[in-house]
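Participant: Chains as they are written, first to last, in my numbering: chain E, 1 to 359; chain L, 1001 to 1321.
It is worth saying that the hints were derived from the structure and are not from the lab.
It is possible that some hints are incorrect.
[Unchecked claim] If we take Cβ atoms under 8 Å as the criterion, some of the chain L residues that face chain E in the derived model are: (1) 1063; (2) 1068; (3) 1090; (4) 1094; (5) 1098; (6) 1102; (7) 1103; (8) 1140; (9) 1159; (10) 1161; (11) 1189.
[Stated by the list, open to error] A few chain L residues that don't get close to chain E, going by computed Cβ distances all over 10 Å: (12) 1020; (13) 1124; (14) 1138; (15) 1198; (16) 1283.
Beta carbons are placed, not taken as given, at the ideal position from N, Cα and C, and that holds for glycine.
The primary structure of each chain is shown beneath.
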Amino acid sequence: MERIVARANARSKLTGMVQSVAEAATNNEVLPSPEIHLRAYRFMLLARVLDDKFASLYRAGKIMGGVFLGRGQEALSAAIGVSLREGDIFAPLIRDLAGRLAFNEPILDSVRTYLGSIEGPMRGRDGNIHRGRPKEGQLAMISHLGAMISVVNGGLFARRMRGIKGTVGVACCGDGATSTGAFHEAINQAAVEKLPLVMVVADNQYAYSTPTNRQFACRSLVDRAVGYGLRGDEVDGTNLSDCLRVVGAAVDRARAGEGPQLVVAHLLRLCGHGEHDDAGYIDANLKNSELGRDCLKLAEKWIQQQGWTDTATLAQWRSEAIQKVEEAVATVQREAGPDPFEKNYWSALSNPKFVEGNE
Amino acid sequence: MSITYLEAIREAQAKALADDPRVFIYGQDVGNFGGAFKATKGLAKQFPGRVLDSPISEDAMTGLAIGAAIEGMRPIVEMQFADFSTVAFNQIVNQAGTMFWRTNVTCPVVVRLPCGGTAGSGPFHSQMMEAIYAHYPGLIVLTPATVEDAYSMLLEAVALDDPVIFCEHKFLYYHLKAEKLPTEALPVGKARIAREGRDLTIVTYSAMLHESLAAAAELRNEGWEVEVVDLRSVKPLDTDTVMASVARTGRLLCVGEAWPWGGVTAEVITRVVSEGFDLLDAPPQRLNAKDTPVPYHPNLWSAHRPTARTIASAARKTLQS
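Same shape as in the complex, but just chain L (with noise of 0.2 Å):
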């Protein structure tokens, strides 16, 4: 048996349904139908009343959803697309993200975001959203990379008491399989050295791990033992997980596949230049998207975002400065 990073989302999501009367589904297509991606298969039927189809509304989705919190329930919401959740922004970032600072009542919301790029999505189905969010005070952005994240830290995500933003790679929902889902998980908040390494430190999430993880296993055949640290949740950030990564290593490259203007990687490198400056032996680099919408064409597309070839060109030239 395997399971797929898309199967443990909805297995999350059935688990959190189960077992708390609280939870509820609300977005578009989510019902009958399964979701656009299936991520809600079956749920409507299985739990009738709490998986509900809204109109294409994503500020007035996310307003019900904060107002249902408010009351005592934990709803999820799906936004279809990730780039949808423009339209949700200022529910998400100005009444979600506030509501504990003001009020001292909490906003247990969870908004679900497929992000990220698959070939032909073009422009507006393809983006990442995290660096955006993260920016805004009173909310909580996880970046799960693998199946077994995707499942422990949504089931996470409802049972905390804040908004969280659940940015979910659609890459990685159908060619991404476990064996089994997992029973226990590292917390929230929590880096994992992916791979080990003593040579560069390799600091990404979502996607990209799998791309540096290639990467890194190209870099073995040339001789570099390159460490990957896996950010699970970019805020918090495990600041603590990197800059021991780095004091190990002495060398960083941080790999996001957002826009390069501020952003993770550019947090990243921050936190490691001021408080860890002595530990570098090189400039630590960063590589990202393109400062370009989201290209259509695959040609386009495979160059726009970093890959397991453009980040093994750029931990060479990290690792030989």
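The shape of chain E in the complex, shown without the other chains (with noise of 0.2 Å):
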């Protein structure tokens, strides 16, 4: 456990290194505006009331099924969604609540979703993240990791066929994720396509309870981008402002055309992985490092200590927050949950004369 604890350290003082703001802007990166930090705090403290109410509501029996939080991850899933625009397409993961508010998912789509109404995108036939408008760029994960990135990549690929330029396409996945086959897949045939596809990978440092030196043997995942032909940058994931300006700039470049980008992210999930576990492998160490920092707490000190906000605002944006939530989880308790005796709920297929066998 130590020397994990050693090597997320020393990645993480990398980190701090390679991603000064001096070489930022050597690189021609623009640096994230006041605004932008704003925006995205604002969605990441929207994620993290939003996650407590399904946490609580998960410990009151109201949900059925699994809940996963984002806790610790909503800096680099917020820095996602504030640096997609609309028309772009949006792969989330389990932890990514921040980074689909921020993509303008409403509210009410995740509680709808977890609390099974039939108003909600999936209408209580999918449960809590499983959930999306694809249609709208919000795809709706399937359980199968690595399974969301080649299908971003058609998206990406459907776009160029048609002419559509200028639009990108984000999938997220954990440090797990990408032992899958389906993960190396996808990216190396986005990569032979050149893609504008951004791969951001959280290493939260545990996929359920498996440790990353169980998991990889390279020296950081970032190194992977190497041997798939593509730019690769790491960020510290508790940190906002380095969030928002690598993840912003990789999303630049694939706009640009640069191809696809791998955006690793090292961070600690402050959770569990859903909120039946409770987490007791997680490494005391890694808790007290700076990995365990909480990237929440950290974003509003600086944009306090930065003079773009002060204490009264953050305060009302919290209460404001609640708000919203209280009020979506009270529209959403009103609603109906599916009726199975309703017909149209048993046809797997869209062509109503190939339906058979539910009589």
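Fit the two chains together into the complex; they arrive one by one in their own frames, and the hints show the way.
Facilitator: Here it is in structure tokens:
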């Protein structure tokens, strides 16, 4: 365990050095503006408040199935969401509530999906983080890791065939998904086709309970970028400014036609795999390391230190977020769940003449 | 002029590409090379940028097609051999098969599976995959047995809004010929009476249609009139046509080239027994391949799958029981 902590700390220090502001300036990268910091922060805050609400609804027995939180990953995820534009494609994973909200997912979509409302995009057919609006570029993840990446490739591929320019796709995964064949196939495919894909890997030190030293043997997952023939960047996932800068620049490069990009963020999951998991396996030394810092608190401190906001405004934002979340939950709790006797539910094909076997 | 089953598949793809700008073909070696079996011969040149070589990545090939379908395209994925589609299994059954039901967004992908055995192909270039895909919800599974069906059903597959697993049989590629391409066809979901008879119904599909027809011809010499039903599509499965035939003959033999556990033949018998038990004058029978991997040596291979001889033998037992 100590070795993992040492390696993680070394990575985090290296990241800090590589991604220094001075270096960013010499790379002609645009430093993220105060406005984008504040916009991202507010999505981080809203996501944290909403996640906390889901956790309490779960503990109260109001949510069936799992609850998966993005605690500790909001800076990275929000940085993705605010870097995207309408018309882009986003394949979030289980810890991307902040990014989804920043990419225009209504609060109601997540609440309705967790509570199984028929008004939500999944209409009670699928739950929790398995939601999306594919026609609007919000892909609805399946559980099999790595499987969404090639689907993003397909959207980008189709757009190129149809002469649509200037849109990008972002696919998210954790350190665990990088071990799948699907991840390898899709990243290689994006590289071969030079698609505007940004692959964001949140290396959060554990895939469920499995530490990274049982997941991969390279120094850092970013080293794989060379092997695929694409650009890779590392970022301190606890630092909102760095995430905005590195993710934003990767999205800009993809949009400018520079091909697929890999971004590997180092952070620590500040919760269990799901709310059913007490995460007793997480090493205390990691929790106390730089990786274990809470990105939301760091961002809050940073935007105050810069003089971009003050305590009163922060408190107001928090109470606004709480109000939005409470309103959404109250609305959805009045909505109906699915009716198993409605015949429409039992057709997996769009063409009714081919549906059989449900009598 | 005559046209082969393989040429019909190529012609259907050429027509789909010509008629619909949303169609593209993606698969290993399908570009300038024209495909391992030449099912896309000349198409890359005829339709620049729309017939594209993929890396050897069945999972990502299928995922890409699904993503393109969400964006409104009509991709055709060629698996080099049906056997390799196991690598894409997750994308096919969990991504394409669940898309419409979960998200209300259709997924008009066609996955072409060159399936079935040919002498010398061995365990990994000979498999029949229709049962495994038919088992999952959200997929249409087609098994054309004739040149005309290979053409018309592939065109209909491309036009359908749901994902289609198109099982084209490699044994039929070269030797099966027709005079011309059809201008009209039975729709997907309808079985066809390939030969009329009154003593026994053989229900079959894909290459086994031709073995079954040969068996029926042999049995005719012994005085038996055997009816042969070509399912054409195994999902949806045309139970009505099967039941009507069994009502006429009172006897049923189901023949498939796939493995015996479960599968299409078991499904047909289950439906007939549960919905039309009183139509049967004898216990229904089925004949499948043996429950081993598909063998390499021609002697073993021809004993592994049903043939006209073994079908006729099984039919005699059913007729005499």
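Participant: Decide, hint by hint, whether the structure agrees.
Facilitator: Hints and how they fare:
| no. | hint | in the structure |
| --- | --- | --- |
| 1 | 1063 | holds (3 Å) |
| 2 | 1068 | holds (4 Å) |
| 3 | 1090 | holds (5 Å) |
| 4 | 1094 | holds (5 Å) |
| 5 | 1098 | holds (7 Å) |
| 6 | 1102 | holds (5 Å) |
| 7 | 1103 | holds (5 Å) |
| 8 | 1140 | holds (6 Å) |
| 9 | 1159 | violated (11 Å) |
| 10 | 1161 | holds (5 Å) |
| 11 | 1189 | holds (6 Å) |
| 12 | 1020 | holds (13 Å) |
| 13 | 1124 | holds (17 Å) |
| 14 | 1138 | violated (4 Å) |
| 15 | 1198 | holds (28 Å) |
| 16 | 1283 | holds (24 Å) |
Against the hints set out earlier in the document, violations occur for numbers 9 and 14.
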